[in-house]
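**Q** These protein sequence lines are chains P and U, in that order.
Letter by letter, the first sequence follows residues 76 to 254 of our numbering.
Letter by letter, the second sequence follows residues 6 to 308 of our numbering.
Everything labelled a hint here was simulated from the structure, so no lab data went into it.
One thing to keep in mind: the hints can contain errors.
Said to hold, decoys possible - Examples of chain P residues lying across from chain U (beta carbon under 8 Å, computed):
| no. | residue |
| --- | --- |
| 1 | SER153 |
| 2 | PRO159 |
| 3 | PRO179 |
| 4 | GLY180 |
Backbone N, C-alpha and C fix where the C-beta goes; we use that ideal spot for every residue, glycine too.
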Amino acid sequence: MIIDKPISGVPGAARAGPAGARVPARAGPSGGSPIEFRLDAACGVPTYLQLVQQVEHALRLGYLEPGDQLPKVRDVVSTLAINPNTVLKAYKELETKGLAAGRPGQGTFVQATLSQIALPELTALRRSLHGWLATAHAAGLDGDGIVALFTSAMRDFFERRGAARGRRGGSTDRTEGVA
Amino acid sequence: MNVIETNGLGKRYGQTWALNECTLAVPAGHMTALVGPNGAGKTTLMHLAVGLTEPSAGTAAVLGGERPGSLAGLDGIAFVAQDAPVYKNMSAADMLHMTRNLNRHFDQRYAEARLAELGIPLGRKAGRLSGGQQAQLALTLALARRPQLLVLDEPLASLDPLARHDFMAGVMAAIADDGVSVVLSSHALADLERVADYLILLSRGKVQVAGEVDDLLASHRLLTGPAAEAGTITEPVVHARLGGAQAHLLVRTSGTAGSVPPNWEAHPVTLEELVLAYLREPGAAALPGPVLERHSRPTEVAR
Chain P
76 MIIDKPISGV PGAARAGPAG ARVPARAGPS GGSPIEFRLD AACGVPTYLQ
126 LVQQVEHALR LGYLEPGDQL PKVRDVVSTL AINPNTVLKA YKELETKGLA
176 AGRPGQGTFV QATLSQIALP ELTALRRSLH GWLATAHAAG LDGDGIVALF
226 TSAMRDFFER RGAARGRRGG STDRTEGVA
Chain U
6 MNVIETNGLG KRYGQTWALN ECTLAVPAGH MTALVGPNGA GKTTLMHLAV
56 GLTEPSAGTA AVLGGERPGS LAGLDGIAFV AQDAPVYKNM SAADMLHMTR
106 NLNRHFDQRY AEARLAELGI PLGRKAGRLS GGQQAQLALT LALARRPQLL
156 VLDEPLASLD PLARHDFMAG VMAAIADDGV SVVLSSHALA DLERVADYLI
206 LLSRGKVQVA GEVDDLLASH RLLTGPAAEA GTITEPVVHA RLGGAQAHLL
256 VRTSGTAGSV PPNWEAHPVT LEELVLAYLR EPGAAALPGP VLERHSRPTE
306 VAR
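If we strip away everything but chain U, and leave its shape as in the complex, we get (with noise of 0.2 Å):
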């Protein structure tokens, strides 16, 4: 089951597209990242997906065929927007009421045991918990409705560097209890490299990059050598930085590792080294299936 799907889905807002003919498929069971240079569609495609707002050309489905915004789509999804908001000046104990109360579902007795392992007091407003707490009390908001698919709208970018570890553990506990789907959006690349499985790449509206993360890394590598022999490597080059006399040229590899060429090293690559090398050639594009025809074929430098 895919639990989102587009199929040319756009978005429109005036003029300006921010998201366009975006085909893709979210597999359950995942925790995918969404990411992307800012303006790149990320947000336009998870509010698309939770029902926010309407697409203005194509279509998207969640949860194996659901409309977005129907009452299984509700259901089934939760949502915490960017930067994890909370009502400042409510207390956890009136958040979790007033969620309750909104939501057709939702685990009470789970949300509180879940605060009290935090050491979240139920009675202080929110607005007085440290940024780390805030964000958990969303989170903890969002997974007590017992979602199938939980969206994560760059939760970590005001959070300092133990409250991202310990909201990252609370995501990934949660899909080790539930088997919950995540899709997350973030800028941190190197906090993904250990908890995505599944990798969207966003640029300029479009899917750039989509698959498996180990099968990318796996189909992916650096290549070291002369940068005088750059043109004899026949492998797609995504990005290449040439030196005076050293070349580093992230290749695409053709299902099986290839040979290396002579006075040629070939190191495997990090999920943050893809995922810039592809951000700085928005031309080049890696995506499973019939979709890589719809779109531009990877530059090839130094021919």
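With the rest of the complex left out, here is chain P (with noise of 0.2 Å):
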């Protein structure tokens, strides 16, 4: 049932990661994936949605791209104590979503991005939004006032653009993997 089995040779070539942020290389200490999952009993979320969204997360800020091996699910029971059918549920959650794909005896792999744009620009928008912020917070909101301001701005700005086509998770541009 479980196809998830060690695996020896792990794309892990060191590079810088998102936003400067020093990640050495990307298979974590454990030798496998670039990232760890983590739990919020807290939130009310289904921990399969979790860990989704915390795939989607990564994907977004190039903590994970294209070819790189998600956690394995032995890995990720034995670290949390969490069932195992809850991985699997979010990994098949991720490959009906295109964003992964399992490889028979080797694991899960991301299959595609959710990084629409370059890290720079990235960098360069986190800025701009820096400067309004500063802005809003001198002109008196708080932390809870900008965040309904900026959410139903948002919601005005999409609204107007009409339905926007091709929801997150249709990206097409699938990558083989590299390993």
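Given two chains presented individually in distinct reference frames, assemble the corresponding complex, making use of the accompanying hints.
**A** What follows is the structure, given as structure tokens:
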């Protein structure tokens, strides 16, 4: 039922992580995946969905790229003490979304990317957002007020642009694994 | 295949029925949580399944039709009794030796490797090990028999949080490695949330709730709204908490999540909330298929 088996030989060339973060190698200390899962017991989001969201988040921020291996089911299970079926459900969901693919006897690997733009642009956007945040804060908005304003403005923006075509997950630039 | 299947199963001690008209099916490949108040019949059900005691009424089958206590039943099921007992005066090595000689199948190499990985010294007397290590030793002895079904009676009760986590991680790794089915009884509801994918709730010797955890969570929700309008909710109410002005109703939804009535908010429920709601309402039941007809309908309040 479980296809994960320890593998040797992992793509592990050292390169800089996103936004200047120091990520020495794509492979984690356990020699598997560049990411590790964590769980928030209080957030109310089902465990499998937390795993899916963390992979998507990592894809958006560039922590994960096509060809990278997702944490092995057994490793996730013995680190977080969660049901293996939960991890399998999360990985199946990622496969359905076209973001990951299972390789028999090896594990599950990232298949597509969610990061829509390159890192330098992301950094520039972040910087300009900082400027806006400073203005909003100076005008007297607190964190919740900023979130509310931003959320409502974003909704207006996208509503005005009509139904956004091809929601996230519709990315087409599938790349074969580089292992 | 069902790893445990019972039909009208009952066990009487003197005048008291510890388990009564218990009909259930525990599917293979699941981590099944067996919950219920003290005296609900959890341990009795486990003892019946592993062949430690004989039923007074009804039938039980294990591993897809085997008789509990039969050779196949004994070979395929490993049982760790309450609080994971070990012989305090025996060393871990002696316990491996004994278990190997008392069973037809025992994977000595696996057992030694697992103990080494856990840093449990083979030569030390079990009584000198920490509580967590004793539990891990008991789990290792059970897993080394390479069972199809692992039955654990309250293994977490006496463990500290770290030992609980490590114990459950060991069980989950065994599921991932070997696909072993697990039935675990526990009071630690919060601990079960992440590990169990099938739930059986026993109450007063009967099955009150049974089903896949995901299905159960999807078919219940918590409605919060004005207490005066609690009577207008049409979904069956499992448990209601009514304040002077506000009401919280844990309701069962019929298949697709219906729309939320005006003035009301809907929240998803956690496994813990769900179990507590049913524990507070012993008359309510959520059972799959035909079993439902045998039981009382869920209580409806504020009607």
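**Q** Tell me, which hint numbers fail for this structure?
**A** When the structure is compared with the hints, numbers 3 and 4 turn out to be violated.
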